Structure formats: C-alpha cells, structure tokens
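Peer 1: Produce the complete structure using the sequences and hints provided.
Chains H and G supply the protein sequences, listed in that same order.
Heads up, the first sequence is in UniProt numbering, so the first residue is 1 and it goes up one at a time.
Heads up, the second sequence is in UniProt numbering, so the first residue is 1 and it goes up one at a time.
It should be emphasised that the hints constitute simulated quantities derived from the structure, not laboratory data.
Every value quoted in this text rests on a predicted model; they were computed, and no experiment measured them.
Beta carbons: idealized from backbone N, C-alpha and C, even for Gly.
Among the hints, a few may not be true.
Unchecked claim - Some chain G residues near chain H, calculated using beta-carbon distances under 10 Å:
no. : residue
1   : Y14
2   : T158
3   : P203
4   : R206
Unchecked claim - Restraint ranges, calculated between C-beta atoms of paired labels, are given here:
no. : chain 1 : residue 1 : chain 2 : residue 2 : range
5   : H       : L73       : G       : V132      : 52 to 60 Å
6   : H       : R209      : G       : P136      : 53 to 61 Å
7   : G       : F128      : H       : S152      : 33 to 41 Å
8   : G       : G178      : H       : A327      : 55 to 63 Å
9   : H       : T116      : G       : V132      : 53 to 61 Å
10  : G       : P136      : H       : G112      : 23 to 31 Å
11  : H       : E386      : G       : G261      : 50 to 58 Å
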Amino acid sequence: MTAPPAATPAAPALVLDGVAKSFGPVVALRSGSLTLRPGSIHALIGENGAGKSTLVKIIAGLYQRDAGTFEYLGEPVDFGTTAESKGAGIAVIYQEPTLFPDLSVTENVFMGRQPTLSLGRIDKRAMRAEVVALFEQLGVHVDPDRPTRGLSIADQQLVEIAKAMSLDAKVLVMDEPTAALSGVEVERLFGVARALRDEGRALLFISHRFDEVFDLCDTVTVMRDGEYISTSAIADTTVDRLVREMVGRDVTDLFPKTVAPVGDVLLEVEGLTRTGVFHDVSFEVRAGEIVALAGLVGAGRSEIARAAFGVDPYDAGTVTVAGRRLAGGDPAAAMRQGLALIPEDRRRQGAVLDSGIARNVTLTIRDRLTRAGVLTSAAENASAREWAARFEVRAPSLDTLAGTLSGGNQQKVVIAKWLATEPRVLIVDEPTRGIDVGTKSEVHRLLSDLAGQGLAILMISSELPEVLGMADRVLVVHEGRITANLTREEATPEAVMYAATHDVEVAR
Amino acid sequence: MASTTLTPTTSRTYRDFQRPRWQRMLLTREMAVVAALIGVIAFASVAVDNFASSITYTYLFLDVAAILLIALPMTLVIVTGEIDLSVASVVGLSSVLTGTLYQAGLPFAVAALLAIAAGAVAGAINGFLVTVVGLPSLAVTIGTLALFRGLAVGLLGTTAITDFPDSWRDLVTNKIPGTPVPAIIVLVVVLAIVFGWLLHFTPFGRGIFAIGQSKEAAHFSGVRVGRTKLILFILSGTVAALAGIYYTLRYGSARGDNATGLELSVVAAVLLGGVSIFGGRGALHGPIAGALLIGAMASALRLASVTSDVINVITGTLLILSVVSPSLLAWAQSRRARRRGKKEGEDPASADPRPAQAADATVARRSTMGEEEQ
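Peer 2: Put into structure tokens, the structure is as follows:
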C-alpha cells in the first residue's frame, strides 16, 4: 500500500504498515504506514491529530502498537522500551530536547553509556575527544564542557544529534525540530541533516512548514485522521496538492483578516521593565485591533506578555486594562479586569493534562459557576459542553483527559478556557505553533472575529506571514526593547526583519 | 457572522463521562478500600472472639479519631503535591500548651483555644517556609517536626499534667446515647463534611487539584498557588492542635511526647485511601476508609493476641501494596493489550477501557513523560 520509492532504490531501513494504536476509547492511530530509505530525508505531514506523533512514539518504542507490522533493517521488530529502539539505532529528536541541564554537553552525549577505564572509572578524556570530533564533523561550535542549562533550543538539538551519531543511529526522527528555531538556526540544522543524509542515514522530518519540507526533503508522506493518505516524491507534488490531501478539502484564504472599527484603548503598558529581560516597554492596544508582537525567538516577547498578565513579576512600569491599573504579579486580578493570556506552551502552561476537558475549560471560570457556595460537575459540564461543541473538540466525553488529546484539540481546549472568561483584552502567544493548516486558519478567523466584536488582541508570533497577514499594527521587539511600531501599510517583511535585528529605535 | 467557530454547532455531542455512573461511583480505589474495610470487619466479627462487641467499636473509634481528624486536612495538602510531617509534633505541642495554661489557672476552654491558635501559627510557619521561602515541604516539615516536638518536651520536661476537668473529658469520650460511638466522632463527621465540601465542591478545591496536577498551568489559570498552600498548612496545623486537645482529654494526660510517630499513621491512612503521593488525585472518603481499615485491622489482630510488631508489618505491607498496585495494574494492562493486538491484529478501538485504569494510565503516562519529555 505504500507508494513506490521516489529517490533511492536502496532497501528500506524502516517499514511500518497498517499500524494502529488507541488509548481506551480514543483512537490515536488507525492505520499508519511509512517506508524510510537510507540516504533520504522523508517528510511526514498532517493536521494535528492526524497521528504523526503517535507513529513517531511507536517507532521510538515509547508506545507499543496494537496492530500492524513494523520492520527495521528487513527484520520484524517489537520495541518494548525506548532503550531497545535506541540500541537498535533509532534516534528521535523531539521539539523540546530532553537533556540533563546540570550536566555538561559531553556528559549528556554519553549519558548511560560512559566509556570506562579500570575499576569502572569514567574515561573523561575519551568522551571529550569523541564529542569534539563529532562537533567538528557536524560543523557545530558548542563548548563540550559547559552545562547544557542555558543552551539555546537549537544548540540542545545539535547535542541530541551528536548523541544520535555517537550511537551510530541508522534512523533519525526529528519531530518538529524547527518550531522554536530562528532562520539562521534552521539553516544550520538543515546543513547537518543533509550531511547525515549523505552519509546514508534515513531521516524522518516532521514539520508544519511547507517551505522547509520542500527545501529539505525528497519524499513526503501525508497522514489524515490517523490514516496513511499518500507518499510522493517532492519533485512530483505541490503545496496545494499536499494541503488538499492533509485536510481533505480546499483551504482558502489562510489569513481571513477583516478590518474592524477601532475603539478605545483597552490595554496600556507603560515603561514596563524587568531587569535583564526587557526594558522600558510601552505600547497600547485598542478595541478592535490586532497588534502583533514580532521579533526573533528569545527577544523577550513572551516575557513581556507574561509580566503584563501577572504570571511573572516586573521591576518597574504599569499595566492598565480598560482604564484600571493592575496590581503586578497577580493573574487572578488581571483576569477580573478582563485580561486573558493564551500561553506559549500549551502542555505545561495552557492545559492541565491530567485533568478532563470540562475541568480544564472551567478552571478559569470556576468562581462564576459556583452557586450558593457549591460547585458541581453538572454546572461545569454544562458550560464545557457548549465550549467544546463550539470549537468542535474531538473527544468522546467531557472527562476525557486533556493529555490524551492531539495538539490541535488541546489548543482548542486552551482557547475555550480563556474565551470562557469573556475577556476584553486577549494576549495570544504563538497561537498556531505546531498546528496544522486547517486549525490554523480556524484560529486566524477566530481572532479576526473576536477583534470584530471589540476585543483588543495582542498576538505574539514568530511566523512573519502570520504577523503581516493578521496584524493591524506590528510592534517589533529586539533584545527586550521595542524597536519599531509599524502600521499595516509600513509592515513589510524587510521593515520587520530590520527592526528585529537592529538596536535603532525607529518609533517611540 | 460568517464564522464557523463562533457559532455553536450541533455536529458534535459529548457524553458527560466515559463510564456509567455506577462504575464511577463503585469501581474506584476508594471503594476498594471501603470494600476491604467491610471485609475485615465481617471476617473479624466471625473469626475473632469479642470483636463484634460495642466496647470494641468504642475503642476502635477512640483510637482512630485523632488519625481521622488529621487525615482530613492532610488529604488536601497531599493532593497539592505537598506533605506535612510535623502534625504529630503539633499534637504534642498543643497537648502541652493546653496542660500548662490550664495548670496556670486559665479556664480549660481558653487554654484549649490558645493551643489551637498556636497550632495555626505552627501551620503558618510551615506554609511560610514552603510558599514564600520556597523550600520543599518534606524538608521543612521534617525540620519543624523536630522543632515543635522539642518545644513541647522543653516546656514540660518529662512530667505530665494529668488533672483535667471530668466534664471536658466526658465530652469527648462519652458515647452518643444508644450507640457505641464516642462523642468525638461527631466532630470528625462535621469536619469531614466541611473538608469534603472544600475539596470537592468549591472553586478552592478545584484549584487544589489543578495545583497537584500542574502547578504551572494552575498559576497561568489564575489559581493562587502560594496562598492556597499556605491556607492548607494553616488548616493542617489547626486541626492537628485540635487533635492534640482530644488526645489530652482522652488519655487525661498532657505530655511532651504525646502522639509521637502519629504522622506516619496519618500519611499511611491517606495513601492507603487512594490519594496520590505525587498530588492531583484522591477523594476524601478514601483516607477516611483507610484510617478505619488500619484501625479495624489493628484492633482485630490485637484481640487475636497478635503482637504489635506483626501488626506493624501487616499494615506496612498493605500500604506498599496499595501504593504499588496502580502501577502493576497499568503494566499488566499494557501487556495484555499488546498480546491481544498481536493476536487479533484488528480493531483496537473495541478495547474496553477498564474501570480504575484510566487513572492508572495517568500514572503510567506521567512516569514515561518524566523519562522522555522533561
């Protein structure tokens, strides 16, 4: 059922066919099929909930399949643990690397299999020498002796890749590695990936960015609703075709921005400063406006948003919502004034994964649902049912644990939980990160509608097309300062990128 | 509005719960403990001489009353992922304070109220060190366990105050007319209702669970994490002091070493009752059944002339089994699912979600996540 190989005729390194996995009543993967060949970079794309991550976790040995076949290097295999798959030569690099922050780079590369001298002493010199050699081969400049704490995500991924190479991994899986990387870092990662391909390794690359898929990969497999849809050579396909296959329908206008009448100032930030993180940040957002906070990863955009909402403290400045000054460091007080923050990391900050959908959606409005001092599941379920249906969250019941939902459905739950507070000002931090095209345009349409209803929206985004497509105004942050305040007309890709990389104060 | 997302649709409907009501009510860890309790009582009533008598029940209740009282706030503390090991020392401190203040001429009620206030202060000290200073509660309360006990013994030395008004002593130990149940159980029931309401039927309680499941997500959702924990530690200290007064009256003796080691019985009862030591999971009736189970077993074994060492071994084994069983069940379930998947190959969706194992899956998932994603 897999399509003929496109690039190389070499025997496949890894073949999955008809693989299925479910968690209780939730079917995560109906029928996944994938053929990876040595010397090839294979893209795996699909909407959230299409089953990509589940497939990867089965390859990694983290989950065990319920059905289907799994062959590795021509042999049927059955990985019970991640150690087994690692030992066999399969390395998985996650979006967020899993290093030990207090150990050195070298120690992380050799974690659990340090070379030893007599009496079981660890051979530190041999370890270091190999890491230096690996980094040279990869063209990476990271100090092998420094602790991994404080390394950028891009560098942490390179450490993971070095670890995979030192294990002589035959198959390297990268699960959305570029989601948190800047342009330069992405290029560097791609260089490393191509070098690994040329050594004859098989790479699997999961991404939501089509330009990257077309730039890097030679073959692409599309999944939808937990099922295999197609495999084709990159040269033989187009973005339009892939999008159609992913969503099963045509997606029109990715950024359905409508202009809303602009009203009063609802969010006013004045001189906000947190020493060493951001400095003298001032801006305002009016009713009906979508203001984007653009800039490079690490410029301090999320930190500004978090401080404004009160999750993080700040040293100086004021935040005013609808004319009322907020007490700093108190999210509950900010919520009472009508401020909502949809955070960047939905798994850690957005949703309570061990809790059900209903409890998640109603966590922010639990005071409001209390009658005569009593909060019942019935009241929570009634409210949550409406929100879940409104966003078409895919789940069988309201007590389905949020952790078992796909990324896109988790994001829907998080958005619902914040819209339930009926905010006047909505801060969204990377609202479409790691989200498929279909849900993405739904989120964009939603933001546009909310602005039309008179909400003030502050949107943090690392995707330039999203910023330019959605925003009425663009604030650019560079190293903790706002370096530009651009109108929709002024906001060209060049202007935004210039301000994002230069210290000059263009405006304000 | 042309939007599809903002208009409620009827295309999707949701059941409230995955499992029918009777399964949610009965097939839980808490009910397993209740069943074990009923089993032990039934078995002991038949097999152990003198167990099925009103005097046995009276002493059973008198023995477990202090554990029951302290287990109530302890459950809430443990659900947030914290622990309070200083409770038994607060019992001792409160006992000594009540005794010395009463001996110094204060009316008993005033002495008791001051002791309860001291318990609240002790809890506030724990809470301050945990929430404001940011130390782990395990370390903090091991420290205050020694500190409060030291204060208690230091205040009174090795002597005991034994001269308490009979009217107060009778108030807690006298039986409710027509039953073998001592009056202190009325207080236990009232507080159980209060804490049950607080944990399961208030926004505050939802916050407690959210903190235990994900402190960060709770903080981002406007749950006041620090304040919630501080309140719980104060409640824990206050109720422990109340238990100290009960202890004093029941044994008619205020001593510095009263209730030494009681914190372990309390924690054992809470964990046996299905509360997760990692936080985020539990229901108040579990620890209540857990405390009664431990008490009933100890009482039956004592009547059967089993020595206290053996009783401790049995209690400890039971506790370990209860803590380990969810992981074992999850492991067995995943093995079974794999084998079935390989044999039948098709339609894994029909795999019946077994009762009590949804929660176990959570435990299993948490441990794999800790390994792979942190």
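Peer 1: Work down the list of hints and note, for each, if the structure agrees.
Peer 2: The hints, checked one at a time:
1. Y14: 5 Å, holds
2. T158: Status violated, d = 47 Å.
3. P203: Since the shortest Cβ distance to chain H is 4 Å, the answer is holds.
4. R206: Since chain H brings a Cβ to about 5 Å from G/R206, closer than 10 Å, the hint holds.
5. H/L73 x G/V132: 52 to 60 Å: Holds, at about 57 Å.
6. H/R209 x G/P136: 53 to 61 Å: 42 Å, violated
7. G/F128 x H/S152: 33 to 41 Å: 37 Å, holds
8. G/G178 x H/A327: 55 to 63 Å: 56 Å, holds
9. H/T116 x G/V132: 53 to 61 Å: 46 Å, violated
10. G/P136 x H/G112: 23 to 31 Å: 27 Å, holds
11. H/E386 x G/G261: 50 to 58 Å: 52 Å, holds
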